[in-house]
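S.K.: Each chain is listed here by its residues.
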Amino acid sequence: MTALPTPIQPAPPRTTARAQSQLQVAWGQFCRNRLASTGGVFIILLYVLAIFAPFVAPDGLSNYSTTSITRYHAPTPLHFRDPKTGAWGLYVEKFAQTMNPTTFLQEFRPTGEKCPVRWFLPGDTYRILGIAGNLHLFGTGNPNCKIFLWGAEGLGRDLFTRTIYASQISLTIGVLSVLISTLIGMVMGSLAAYFRGWVDNVINRFIEVISAIPYLFLLILLRSLFPQGANPILVLFLLLCILAFISWGDLARTIRSQLLSVREQDYVTAANALGSSQGRIMFRHMLPSMTSYLIVTLSLAIPGTILLESGLSFLGIGAVEPYVSWGTLLNQTQDGGIASITDRPWMLIPGFFIVFTVMCYQLLGDGLRDAFDPRKRQ
Amino acid sequence: MKTKPMKYMLTLAAALTLGGSFAAPFVYPAKWSADPASAAKKGGDYRESTISDYKTINPFTSAEARSIPNYFMSLGTGLFTQDQTNDSFIPHMAESMPEISNSGKRFVVKIRQGMKFSDGQPITADDWITTYKIHTDDKVGSNAYDSFFINDKPITVKKLGEYTLQFDFPQQSATAFVTMNYTPWPDHVFGKAYTAGGAEAVKKLWGLNVDPATVVTAGAFTLQSYSAGQRAVLKRNPNFGEWNKDSAGVALPYLDTVTLKIVKDLNASLASYLAGELDVYGPRNADDLAQITKANTAGTLKSTLIPNVSPAASSQWITFNWNKADSPFKQKLFRDVRFRRAMSMVANREAMVQLALGGLGVPTYYSVYPVFKKYISDSAPKYPYNLDGASKLLAQMGFTKKGSDGILVNAQGQKLEFTMATNSGNTTREQLGRIFADEAKKIGVKVNFTPIDFNVLVGQLTAKGESRPFDAILLGLSGGDNIWPYGANVVPCGTNLHSYNNPTNGKCATAQEQLMTKLFYQGDSTVDQAERQKIGLQLLNTEASLQPVIFLVGGSYHVAYNNRLGGQAPRDQMDSYYGSRGIETTYIK
Amino acid sequence: MTAAAERPAANTSGRKPLPAMGETLLEVNKLQKFFPIRGGLLSRVVANVQAVDRVSFKLNRGEVVGVVGESGSGKTVMGRTILRLLEPTGGQVIFNGTDITKLGKNELRDYRREMQVIFQDPFASLNPRMTVSEIIGEALQIHNLHPGKGRVDRIAELLSKVGLRPENMGRYPHEFSGGQRQRIGIARALAVDPAFIVADEPTSALDVSIQAQVVNLLQDLQEELGLTVLFIAHDLAVVEYICDRIIVMYLGKIMEIAPSRELNRNPKHPYTEALLSAAPIPDPSIKRQRIILEGDIPSPINPPSGCVFRTRCRYAIAECAQVEPELREVTPGHFKACIRDDIL
Amino acid sequence: MVTFLFRRLLNLLPTFLLATVLVFSIIQLAPGDFLTPAKLNPGISEQQLRNLAEQFGLNKPVWQQYFQWLWNLLHGNLGLSFSYTQPVLDVAWPRVVNSFKLVLVNLVLFYAISIPLGVYGAVRQYSFGDRISGVVFYFLLGFPSFFLALLTIFGILKFRQATGLNVPMIGMTSDGYDSLGLLGKFWDTLKHLLIPGLVAAVGGVAGFTRVLRGQMLEHLRSDFVRTARSKGVPEFWVIYRHTFRNAIIPFVAGIGGLLPGLIGGAGFVEVVFSYPGITPMLLDAIGAQDFYLVAAFSILPMVLLFLGNAISDILLAVADPRIRFN
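Residue numbers (the numbering used here), protein chains in the order written: chain Z, 14 to 391; chain L, 3 to 591; chain X, 137 to 480; chain P, 260 to 585.
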């Protein structure tokens, strides 16, 4: 990694005649920040993977067998060449499970049967963006001889399949909820800062009141109010939205205090002197000064809800069967305790997806913040 | 106020007349321990963990079974004790077995003389009387309240002499010895408070911030210290050893202290055990067994692991709601015995044991826990996994066709679909439900399985009325004894946990239920064990053929302890009911 | 000078014709601005910061009038109150025959076109997130001037007028030096084609070498456009250089008003005398001159009775504490607020 | 200042009442009550359930319970914990003290790590160290705290098994704590606090560091800093006096929120490390529907938030002279 020097002296007026728009400048700036753009690229990749999850996954979300037990099946090694015949070709071996009565570990031994890996083969049906299909990127076509790329979980379902299916929920559920709470926080904070007086007073008192709500209780209460037949994903989403409705307090407070500072700036007075309307002063002058703060806040809040969802799963009110999120998968790992780490480390993979996504979002947000702020450009 | 001086005078008199010649102490039988008494050493600290904080030291407000007052400070108390080799009762704080009269309803018990509380005060009949009075005061809210009533009729306890008690039962009771076995608490502490300030004064005593010096027990241990949310330390009651000896005549208990550590969950508890910080741990599953085996093999831990000691004393089951006035179709369905038998055939118990219990468990078919072998007969009807059989039964009920979605429909076009709930956060139950739902799907039965909040679930389960709010619930029960292993609020119609049928008037819906209710009360009032077992088997048969509740699987009970411990029970006496050791006879090598 | 005195016809639509050159454009009448200090249980006003107290003067069209005084004398507050950027506590500001203190929001917006402000700090007064063309264009947009393509031309014209290259209109303020930024600020003020400008210490935050350039620019523009300017400064030298008349303020009150030259040569008020004596040589390279006066400036919350300057006045007599001196004309065009005629 | 605070207190009253009603109704509306689990006990009779409901006042109408509670509250009585059958304050206070210790250690570690990192990241923007610390702490931020704590416990266990060193794993004190001397007690507790304190701190470090870095950068590029530099002010002084002090203003505004957090415990970390703080007790209380204990834990942070806000208003006025009490 090379350190880029950052000149502190004022930039001399450049000679290019055409001025770039703020967005173009920011974009160029963002692209130059390699860490941030890498984070951004990975985020996009994750979302693409989530959309095409049913196609990329070799198996259906909830497929397992009650006769050929694959509980905590270890990842199956991929072989390229048959050592006996010397023939080339990708294949996996079929494994049989036994419980070792002295170590109490599940053991998988190859049965000698070979299952060639095939590409673009038909399998479980699914819908992607409303289009039905049954093609899968890879697989063996034999339900008793699956490819467990990342092993299997407690019921013997393919963890690779479940992890990428889970990304659909983990990557989307939080975003809207964050947007809602940010929007409310922004509007409330701005109103308080601009009008001050009784508006400020009422908003502040309101924040104090809602800060007293015991969130956990509220969530449990709300969860129980939904009819049992309701779609659990819809319920989860509504819960997060309601959380958003009551969690804008801190943001509003910070925005208020920041804006109170901005309000005293000469450029706001100047706009006033030009006869700007109050709305114009708010949206054209005061709020844009919050961009950098908001982007950083958003970039912290979106992964924050990914973490929040996993926390809810820890309490049993997150995504529930038959749906999965990274949080529910990680919660299964947590339930397994130390054994999850020593005996079946592949169960940690969903956890690292959470970690990785959160990290990418952070780097992205960091880069965007630097890029949007004219004073921090390289 | 009157009783107090009297008691002191009498104590003095007793001491004068009897001198040092007390009645013989109670000797813990050598056969209860795997190690010879001569191997035992005195002293040391025994370390155990608990996953929920202790709530109080007060025995009258304490609710949990393994709480400090109800378990650890009560160790070695009770008029009688159950001999784990043959389940029979032998006298402990009583001098001898009681005189029984009034056709088995009156028990006159002579109390062993010379017993002292930890503060040196003698233990006399007054202590039992006071304890009884406080437990039965509904303003105290004691958890033992119910045990002093049979069918709402009270059991009375009378003092016949300083060392003689008389128990009068309203009817014969199989569990009379269990009832009489309550721990006496000092009259000079609780009796005094109760006379002065009533129930409120009793409730105020012995909270968690009590001065340990003021805590007085009759049992083997008394409180040394409690630090909030961290640990409680118990110390030996020096007076206990005067009337409790091992077979070599050494005063019990051997241990100096018992340290009870509070941890948040069993994973933390396992980690502590693996690090050698705990002396015992109850392995839950194959994972725990594997971890302990690994540490033992690697030599990082020196401990003994006994897997599959016995089936666990608990059950997992699915109940169907017979009170669905709002949906006549479902009500008819759930009340049809063929449907319930078919559902039992859908339950793939082998797969459940393999997948949800990691291979360590047994299929169950009856409400009696498999550990109570005396009350189980293999001749009772069973409906094991058989998808074809299930399909046939459903076809008999008119479900012959499958719709386009693969779900069975009858001639009226009604779909065979229901909702099943369990409490969220219990992985094993969630897996059991998943397997059940997935198997059902194979024969065209759609089960919408959802884990919901525990309290909501219990609310639905115990709801009363013609239209109760659930279709099916998957849940488990634990508790109960090996004397009469049927629950008083489970079997009889109209009780709280008669979960499948609980209408407003509490009436039975079937003749079998009526018979079961009758048999329950009959068994409950039968003192003779063999006779009781016979009634029990009849009840088992009736229940199994009615299949009101479908039993699934039972886990296994495993024992693990650090090798520095000695004095555990012989292997053949260990089970999930009696446990693996008496702490009184446990020692540190 | 005279050629530029009349407004271009294109921009006069809907605007009230201005008085002739030399006629009264702005009349400030007993203008007051207090900042309340609240306290106690019920947030009652317990005291006031008397930033501007009953100030009266007149400005003629095309005239440049300087305002001088120490820091804290209320110059800036007065400037902003005249423009109604701060709401006056009392008094009147009559601009071109209309009392603007009584105007509603919408009516006031029309008058915003006529009166503009140039700020002291060129760094804080430009929105760092807007380009130069957005900053200058905003004024045009608000008042819907030069819609469509003409707007860019107008911005370019304004930029060249203040001595900046029109190519720079796409840049952000941080890319310019302090002097350049102040020119942008001036261009913004001129964009709406105002008749009256409050220049609030426009040079005090600039490097000495730049100050002269900006002052010259302002002077050129004033002459070219026939502007009426209220020039606030604490530097008597600058004020004398460009102003026709000078107002001397102390603790929210006017001490003396006189034509530049007259004031310099023949100050009638002890405070003016003190100011002048502290600045013996008009030298633009001296950025901040400390005016040597005994004691500190009193608190505006609790100003001295009578003459507010008496606590530091070397001519003060007992009577000064009782009588509040009126601003009166001592010689034609020369006003002072001092009861003693026997001095100076 | 005193009247200022008193006025805020008056302002708080309606807020407080509204909040208590809200808290109370949410807790009441939640399904079941303290006695629900008892219903699953095969041995408990309905008579007994009725007795207990009477005991705890659970059979009274909700509004009566509320006013009773409010009346008690005015007399400084927070009610009785159902599961402990003791006054709430007696039960909760030791936990508050324990949590306070952990949070104190946590905060010290938190600022000791994040302030230097944030300042470094701004002063040496885009340097190798800046990038690495960003990546590492974003990586740590991504761990759900319950998961990170599991990994940590596993790590300590392996470390102990490998080295035989007695590194504290869970809890707040060692077994023989009571027999230790004063200094020994202090050291024993500190030993137990360090690891959970660190685990609780790293989650937040990334966020704070990046925001602080951003604020620092904003001020570092500003002209008054440039002016200060050109005046020859020493670099340390530029960073500390001219940049850092301005950069922390938004955080000073947030200090109000910190106070409830200070007493509010370190959350899940307490749970996983079996630390006897507030959170495990609160979770238990919620699980058991131990009504007045939950209510106390909801009201207490609100009172602290009020105090915290008052403090941050004062600090803000000190840090930023443009804001005055009016």
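Simulated from the structure, these hints should not be mistaken for laboratory data.
Think of the CB as a built atom: it goes at the ideal place given N, C-alpha and C, for glycine as much as any other residue.
Take these hints with a grain of salt, some might be off.
Said to hold, decoys possible - Taking CB as the label site, the calculated pair distances span:
| no. | chain 1 | residue 1 | chain 2 | residue 2 | range |
| --- | --- | --- | --- | --- | --- |
| 1 | Z | Ser50 | P | Gly491 | 30 to 40 Å |
| 2 | P | Asp434 | L | Ser90 | 54 to 64 Å |
| 3 | Z | Ser50 | P | Gly435 | 51 to 61 Å |
| 4 | Z | Ile64 | L | Glu352 | 51 to 61 Å |
Stated by the list, open to error - Over the 10 Å line for every Cβ pair with chain Z, so calculated as not near, a few chain L residues:
| no. | residue |
| --- | --- |
| 5 | Gln123 |
| 6 | Leu291 |
| 7 | Pro309 |
| 8 | Leu357 |
| 9 | Asp380 |
| 10 | Pro383 |
| 11 | Gln398 |
| 12 | Phe451 |
| 13 | Thr452 |
| 14 | Asn491 |
| 15 | Gln524 |
| 16 | Pro572 |
To be verified - Here are the simulated DSS-like pairs of lysine-lysine, each with C-alpha atoms no more than 30 Å apart in a straight line:
| no. | chain 1 | residue 1 | chain 2 | residue 2 |
| --- | --- | --- | --- | --- |
| 17 | L | Lys44 | P | Lys444 |
| 18 | P | Lys417 | L | Lys206 |
| 19 | Z | Lys107 | L | Lys444 |
| 20 | L | Lys206 | L | Lys44 |
S.K.: Report holds if the minimum CB distance from phenylalanine 451 of chain L to chain Z is greater than 10 Å, and violated otherwise.
M.R.: 7 Å, violated
S.K.: Given the hinted pair lysine 107 of chain Z and lysine 444 of chain L, is their alpha-carbon gap at most 30 Å?
M.R.: Judged against 30 Å, a Cα distance of about 25 Å means the pair holds.
S.K.: So is glutamine 398 of chain L really clear of chain Z, every C-beta pair being over 10 Å apart?
M.R.: 25 Å, holds
S.K.: Could you check that no beta carbon of chain Z comes within 10 Å of the beta carbon of glutamine 524 of chain L?
M.R.: Glutamine 524 of chain L clear of chain Z: closest Cβ-Cβ about 39 Å, beyond 10 Å.
S.K.: Could you see if the CB distance from isoleucine 64 of chain Z to glutamate 352 of chain L stays within 51 to 61 Å?
M.R.: Check failed, 39 Å falls outside 51 to 61 Å.
S.K.: Was aspartate 380 of chain L rightly flagged as not at the interface, with every chain Z Cβ beyond 10 Å?
M.R.: Label holds. Min Cβ-Cβ 24 Å, cutoff 10 Å.
S.K.: Given the hint that lysine 417 of chain P pairs with lysine 206 of chain L, does the C-alpha gap stay at or below 30 Å?
M.R.: Violated. Lysine 417 of chain P to lysine 206 of chain L sits at ~46 Å, over the 30 Å cutoff.
S.K.: Lying within 54 to 64 Å: is that true of the beta-carbon distance aspartate 434 of chain P to serine 90 of chain L?
M.R.: 39 Å, violated
S.K.: Regarding the assertion that leucine 357 of chain L does not contact chain Z, is the least Cβ-Cβ distance greater than 10 Å?
M.R.: 5 Å, violated
S.K.: Is it true that serine 50 of chain Z and glycine 435 of chain P lie within 51 to 61 Å of each other by Cβ?
M.R.: The hint (51 to 61 Å, Cβ to Cβ) holds, given that serine 50 of chain Z and glycine 435 of chain P are roughly 56 Å apart.
S.K.: Does the claim that leucine 291 of chain L lies off the interface hold, with its Cβ farther than 10 Å from every Cβ of chain Z?
M.R.: 4 Å, violated
S.K.: Would you check the hint for lysine 44 of chain L and lysine 444 of chain P, treating anything up to 30 Å between C-alpha atoms as holding?
M.R.: OK: lysine 44 of chain L and lysine 444 of chain P at ~28 Å, within 30 Å.
The structure shown violates the earlier hints numbered 2, 4, 6, 7, 8, 12, 13, 18 and 20.
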